[in-house]
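Colleague: Given only the sequences and the hints, what does the whole structure look like? Please build it.
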Amino acid sequence: MTLTSVEPFILQAEAEGKSLGEIMIEHEMEIQEVSREEIMSAMGKIWKVMVSSIKNGIKIEQRSPSGMSGGDAVILLKNRKSKSITGSTIIKVVSRAIGVGEFNSSMGTIVASPTAGSSGVVPAVVYTVAEKLKASEETIIKGLFASSLIGLVCDAVASTSGSEHGCQAEIGVSAAMAAAAAVEIAGGTCKQAVNAAALMLKNSLGLACDPIAGLVEVPCIKRNGIMAASALVAADMSLAGIESVVPFDDVEIAMDEIGRMMPCEIKETSEGGLANTKTGRGYKNWLRSSGANQLQDASDD
Amino acid sequence: MADDSAFRILGPIMTGPSSSHTAGAVRIGRTARLLYGKEPKKVTVFFHGSFAETWKGHGSDKAVIGGLLGFKTFDERIKIADELAKKAEIDIQFKRIRLGANYHPNSIKIVIEDPEQPTEIIAESVGGGDIVIREILGFATEITGNEVTLILRHKDFIGTLSKITGLISEYNLNIVSLCSKDIPREDIAMTTIEIEEQAPAELEAKLAKIKGMDLVRILPKLTEGEEMF
Ligand code: SF4
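Quick mapping for you: the protein sequence lines, in order, are chains A and B. Going by numbering that gives the first Met the number 0, the first sequence opens with residue 0, and the numbers climb by one from there. Going by numbering that gives the first Met the number 0, the second sequence opens with residue 0, and the numbers climb by one from there.
Note that these hints are calculated values from the structure, not bench results. A quick note: this is a predicted structure, and the numbers were derived from the prediction, not measured. Glycine included, C-beta positions come from ideal geometry on N, C-alpha and C.
Here are a few chain B residues that face chain A, going by a calculated C-beta distance under 7 Å:
| no. | residue |
| --- | --- |
| 1 | D2 |
| 2 | P11 |
| 3 | I12 |
| 4 | T14 |
| 5 | E52 |
| 6 | W54 |
| 7 | G56 |
| 8 | F93 |
| 9 | I96 |
| 10 | M227 |
| 11 | F228 |
Chain A residues, not near chain B, derived (Cβ > 12 Å throughout):
| no. | residue |
| --- | --- |
| 12 | A228 |
| 13 | V232 |
| 14 | C263 |
Modeller: Below is the structure:
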C-alpha cells in the first residue's frame, strides 16, 4: 500500500485523541506484524546511528578530497555559539545538520533521511528540540515516526529524489519531516505537526538540485544547516496557531507539478544552476581531470 | 520492504556520500566477492563513464574495495577499506575503461585474477544504491539482487534445466524468474534463477553434483543484513 494522503491519519488521530507519532507507530506495528517493543527498538537503532553521525560530524576539521567542504560545523560552534544573532538553539541545529552532511561526505555512516544528501536535517532538528525540551528517548522515537508520514506521502505522490523532482524533494521534504517531528516532540497535535510540514514544504518548492561536480557537498551540506533552522521556525509558527492556507496534501501535489516542470539541468545532472557557474565548472573540470588522470587507461596495457 | 514503512524513509543506514557512487559501488564489489566465493588476492577494477571521473569525490574506490572485502553498505570500515586491503595483502588496481554506449554511465567492471577460477563481472549502479549485474564471465545477465539469485554455469545437456528446477522444488523454494542462455558452439550455458527465500547450503552442494555443472553460486538479497526486524 502507498500512502497518498495525510488526511486519514489526521482524522484518526483526532477521533482517538492520539498524536501523529503514536498513530504512525500503530501503523508500523500493523504492517510489520511485530510488537510495539520491536518497532521502538528498530527506530532506536536508527536514532543511535543519527546521534553518532551528529557527534562525529561536529568534530570534523579536515577538508574533503574536493576541498569544497569540511570543518564548517566546528567554525560555527566556535565563533558564534555565545554571541549569535539568532540564539544558541539555531546555531546548534545548523552546526549539527552541517556536521552530519560533512560526515556523509567523508564516508561516514549515516541514515538516509530521506536521502544521503539530506541526511542532516531530521537528526539535527530532533536532537536539538529533544535537548532543549529534555524529551525522553520514547518521545524522540515518536518524533521520528511522526516525520515518516510526511516523507512517505511525498514519496508516493511526488518523489524524494533530486534527480526526479529537484532538491525540494530531498532537503525540502527532509525539512518538512523535521518540522513535523519537532511539533510532535513539543507535544503538539497531529494537525499541528502536519501543518508545520505544510508551512515548511511550501517554502521549499522549486528548489533546484544543482550539486557542483555531482558531489553531495555544494550546496547540499550548508543547505542541510539552513533548512534545519527553517524547520524549527515552521514548527514554532504552527505551534503558535498559524495555519497554512494550503493544506499539506495540496502542497505535495504542487511539489509534484513543479518537479515535473523543472528542466533536467537542475535535477542532479550538474548541468545547470550552481554547478554551471564559473566556480562550479572550475571545480568540475579540476576534479574530473584529477580523477581521470589518476587512473591508467585499460587500453594502455 | 513495505511501501508504507517508516524505515523506507528513515533508512537505510549507509556509508556516504552517494547512494549510487558509494553504496552501489560497495554492492558491486561485494557481488564480485560472492561470485568468486572467497577473499580475492589480485583484482583489477575498471571504472566506466561517470565512475571514471567522479570516483575520487565519492570514495568509489574505497567502496569497491570494501565490497571486495565482503562489507555491506553500512559498514563503518569502508572508510579505511584501502588500508585494510593492503594489510591483507590484496592487490587491487584501478583503471579507466570505455565500455561503449551500450553500458550505463555508472558501470564498473571487476576482474578477479585467478587462473583456477577467473571471475569477471560488469555491473551498473542505477541509482539509490540499486545495481544490475549485466555480465558474468561474458554471459549477459540481468541480476538485480531483489531476490536470492542462483548462478549456475553448466554444459547444456538435455534435461539439465529440469534437474535444476527439480532440486529447487524439492526444497520447497518458489522460483520468481529463470533465465538460461547458452553460448552457441561452446555447448555451455549460464542459468540464473531468482528465488524468494534464502536457499539452504545443501542445495548448493546438490546442484554442484549435477552432471556438467561447473559453477554454482547463491547470491543473497542485495539488502541482506539491512532488515530492521
Ligand atoms: S542539491 Fe541535489 S544532491 Fe544536493 S541534497 Fe539537494 S537534491 Fe541532494
